[in-house]
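S.K.: Chains as they are written, first to last, in my numbering: chain U, 1 to 384; chain B, 385 to 1023.
If you are wondering where the hints come from, they were derived from the structure by calculation, not from laboratory data.
Quick reminder that beta carbons are idealized off the backbone N, C-alpha and C, glycines included.
One thing to keep in mind: the hints can contain errors.
To be verified - Derived CB-CB ranges, DEER-like:
#1 B:Gly433 to U:Leu337: 40 to 48 Å
#2 B:Lys485 to U:Leu94: 38 to 46 Å
#3 B:Gly433 to U:Thr270: 23 to 31 Å
#4 B:Arg622 to U:Ala35: 24 to 32 Å
#5 U:Leu94 to B:Phe444: 35 to 43 Å
#6 B:Arg501 to U:Pro51: 35 to 43 Å
Stated by the list, open to error - Some chain U residues well away from chain B (every beta-carbon gap over 10 Å; in silico):
#7 Ser48
#8 Leu90
#9 Gly196
#10 Gly248
#11 Ile297
#12 Thr353
#13 Met356
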Amino acid sequence: MTDSAISRPGERERIAVKLGEIDWLLAALLAAIAAIGALMLYSIAGGSWGPWADRHAILFTVCFLAMIALAVTDLRVWFALAYPVYAVGLLLLLAAAVVGHTRMGAQRWLDLGPIHIQPSEIIKIGLVMALARFYHSLPARSAGLSWWLLIPTALILVPAAVVAHQPDLGTAILIAGTGGIMMILAGLSLRLVAVGLVGLTAVVPLAVMFVLKGYQRARLLTFLNPEADRSGAGYHIIQSKIALGSGGLLGKGFGLGTQAQLNFLPEKSTDFMFASLAEEFGFVGCASVLLLYAAVIIIGLRIASVAHSHFGRLAAGGVIVTFSLCVIINGAMVMGLAPVVGVPMPLLSFGGTVMMTMMAGFALVQAVRVHRYSEVTSGRGALL
Amino acid sequence: MFEPAFHFDEVNERQATFHRRAFLFGGVTGAGLLALAARLGDLQILEAGRYKVLSEHNEFEFRLTPPPRGLILDRNGVVLASNRPAFRLLVATDENVDIDKTLADLALLVPMDDARRARLAVDIANAPRRAPVAVVEDMTWEEFSRVNVRAPELPGVTADMGEVRVYPFGGAFTHVVGYVAKVNARDIAKTGPNADPILLNPGFRIGRQGVEKAFDLDLRGKAGARKVEVDVKGRVVRDDPGGDIPSTPGAPIRLTLDADIQNRALEVFGDDSGAAVMMDCRTGDVLCLASAPSFDANRFVKGLTGPEYKALSEYDRKPLFNKALTATYPPGSTFKTMVALAALEAGVSPDRTYVCNRHWFWGGRMWSCDAAHGVQDMHNAIKSSCDIFFYQTALSVGPDRIAAVARKFGLGQTFDLGIPGQKPGIVPDSAYKRRNFPHDPVWHAGETPSMGIGQGYVAVNALQLAVMVSRLANGARAIEPRLIHSIGDTVQPPGNAAGDLPIAKEHLDFVRTAMASVANDAGGTAYKQSQLGLGLIKLAGKTGTAQTHSYNGGRGAHGAQGAWALRDHAWFICFAPYDDPRYAMSVLVEHGGFGADAAAPKAVQLMRTALLKDPEVRARIVQPLPPASAPAPPEPAAT
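So that you can see chain U by itself, here it is in the shape it has in the complex (with noise of 0.2 Å):
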């Protein structure tokens, strides 16, 4: 930075000059995937604005200028905030075990009235911030191997296991997955990384046939052969893959994708999304799309590089990270390479609370990209 009317005590504080700092370009990318989700519902829903179109652009609309007003709001309130927000959606979650909303049969809605809250959705952000704000704290030679890596442990593991529980394994692994990586970015020892992945690789096998239940270990054995349960729940694999393959080079042509209109496609607005995008617009939009989300991915993990606060760097590292999951978790999904689990396809798939938490997530990507020069605190306030 040179000498600029920037670096004047104050300047950094008004409003005007926070706008300025939000970076427009991702936040360009973000209304671009949003706005291809939007025309790809309006075309699989035949031409029709209803049901999903609409309420995916007004939606997408209202967050983004949520996400500008919470990109503005001063870093250390979202370091306040944090333990609240992971407490609050660890208590919802909690409360929808128990009393939850069953709905296609798992109970992942909390119903309040007027509202469906999903908390397993709170709970991502909310973990993303948690660990941030522990691991703001805690010195570098902790966060490679000492006792107090069992705090962020259980911070990660007991969210996860409830989730799980739900049952939504996508979104357990979602999260476990997040809370691993960004315990390897906060310094996690790479020896205990080596020694974690050879104990998933025992574990994992012996998961799948005692804890797993009967249709999730239905839906792994399916991945590993579709073709021995066609109409069962193999169908969803061979059909998402026909759409896409049918798609070829170019698409079959924007509203022309019959495995989506003709209802071939499984769950096509949500999470087969991206098989009805590859059937209208082939290879070359899909490769597009795949630009887009690699975009913002370099975008974010740059904000997080470059953020002064150990805060900022990581909050904003765990979001992408979230969102670099999914895009690879659904499109490995969509195309046969992963089982079937719930992850949907960030802001192009239909469905408002994963939306939202996208979105709430971006804010503070921004939030850090705006005070990344922000110090948060000087120790005060941390855990320890």
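Knowing the structure of chain U, use the given hints to seat chain B on it.
M.R.: Just chain B now, kept in the frame of chain U:
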């Protein structure tokens, strides 16, 4: 609370670690995204062709369109079997459709009892891919409009137009034309592993009897298909007319039958049981092949109810049975024409006489005749149908020579009619006894007199007698009966291709003259009953009264007396015009009594119909008008 602070955290260890590991994470994520792109390339570029085919299999279906069934026509093009449009009511299950409620509502509009409703509910639930199930197959217009008015309140119900086979003459042609009926599992099993898929089409009918069965594949045609785009639940989203495969209509089949004569036959029989077969004795074309009583084939198309079938099958006059082909009877005295010919061919003089005293003792038993005919030569014996004469003539010729002649004239044989169901009957001789009676393989002389009067083992069907009298009438030309005139444009070979039988013309003339006497001489057995009333056009014939049951002690039950089932069968064979034979026929009246009384009058009616339809014969009957220039004759005075 939030004190801005300045720390050189940028250079500390935690930040450096974060930078390295964030970079590593970015790399791993990038690799993951590249892997996804590679997979996309594999699916969307390398394997795109395969998945495009799979996608089209999902998207498009071919719905069979049944071809119109071929018509069945008579020799003049009169339609004997055709198709008429019919409204069908189809019900398919779908989301938000309560089938039970829909069926209950439907039951108020169209006849449907509870048992049928329950069965339909199961059928609809089990239908593959929500295929519609025909609930009512042939609705009246009133029912159709009733349902249409209420259509918005009946989710899942659709109506379409199909075709239903219709037989405009009801029962008159049933035994020849047959009928169509629902396809059953046996029909499908019979066609082997690759059954014609049209058989599975709801409401499809297959030929069950007669021409409908024998030429089912010709009549059926080839199914076409409608290309439709369907959604995942099998619902038709739209038609794709460009991909339709047109159906090939079934070939029409033209018969040699004459609708007027055949219909007249059923009228003439009324409630009587029997058969009438008329042939053009010059060509072999079968003009009439009637079996009475008959039954309405249209009922079978709809599907017979249990009580209806029971009534038909238990009626003692056996309407389901084709008495012209499938039933064999003793020919009675009509067989004497064959015995006489065999005797003449064997060198017996037609002038040899026997004396008939009504009874004749031979071989230790008494043989009887209808009357004491006195001295009989062959001509008189045919004319008066004297049994005593033919007992002894048969004995002098022997069974083998009689059988040889009878076979030449078509008895004991089946013909290539095209429709199934012919029984060959029996023309007995010594070889027959050897074959069929292992414990008594010898022809006993005592069996010959019975054969001489067409009783004993002799059994024939009405078609065989019609062929026999045709060959007698046409001068021993070995015509074959032809029932199928053409299939589509392929005309079947006519029946008169064969040469003449090796029978001396004077012997044939002798028998034909004697048959003329039967019908036209005052002493002939059928003189009274054989008058055509067509001026110079006369017929020649032979009566037959075939005993079906042993008369207990004498001849008390002869003729139309006693219980119906125990009475004699009445036969009459004839041809006309006598001097220029064109039409030959046999008439059987089951348990009708005397041939002259029961069968001959029916034959005369049918012969009149045939003769009056023939323009050449009409020309002989109708007198030319007086010349136009001649003054009109004065009005005859009223008397």
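S.K.: Next step is simple, just say for each hint if it's right about the structure.
M.R.: Structure-based check of each hint:
no.: 1; hint: B:Gly433 to U:Leu337: 40 to 48 Å; verdict: violated (21 Å)
no.: 2; hint: B:Lys485 to U:Leu94: 38 to 46 Å; verdict: holds (44 Å)
no.: 3; hint: B:Gly433 to U:Thr270: 23 to 31 Å; verdict: holds (29 Å)
no.: 4; hint: B:Arg622 to U:Ala35: 24 to 32 Å; verdict: holds (30 Å)
no.: 5; hint: U:Leu94 to B:Phe444: 35 to 43 Å; verdict: violated (51 Å)
no.: 6; hint: B:Arg501 to U:Pro51: 35 to 43 Å; verdict: holds (37 Å)
no.: 7; hint: Ser48; verdict: holds (15 Å)
no.: 8; hint: Leu90; verdict: holds (25 Å)
no.: 9; hint: Gly196; verdict: holds (15 Å)
no.: 10; hint: Gly248; verdict: violated (4 Å)
no.: 11; hint: Ile297; verdict: violated (6 Å)
no.: 12; hint: Thr353; verdict: holds (24 Å)
no.: 13; hint: Met356; verdict: holds (23 Å)
Violated hints for the displayed structure, listed by number in ascending order: 1, 5, 10, 11.
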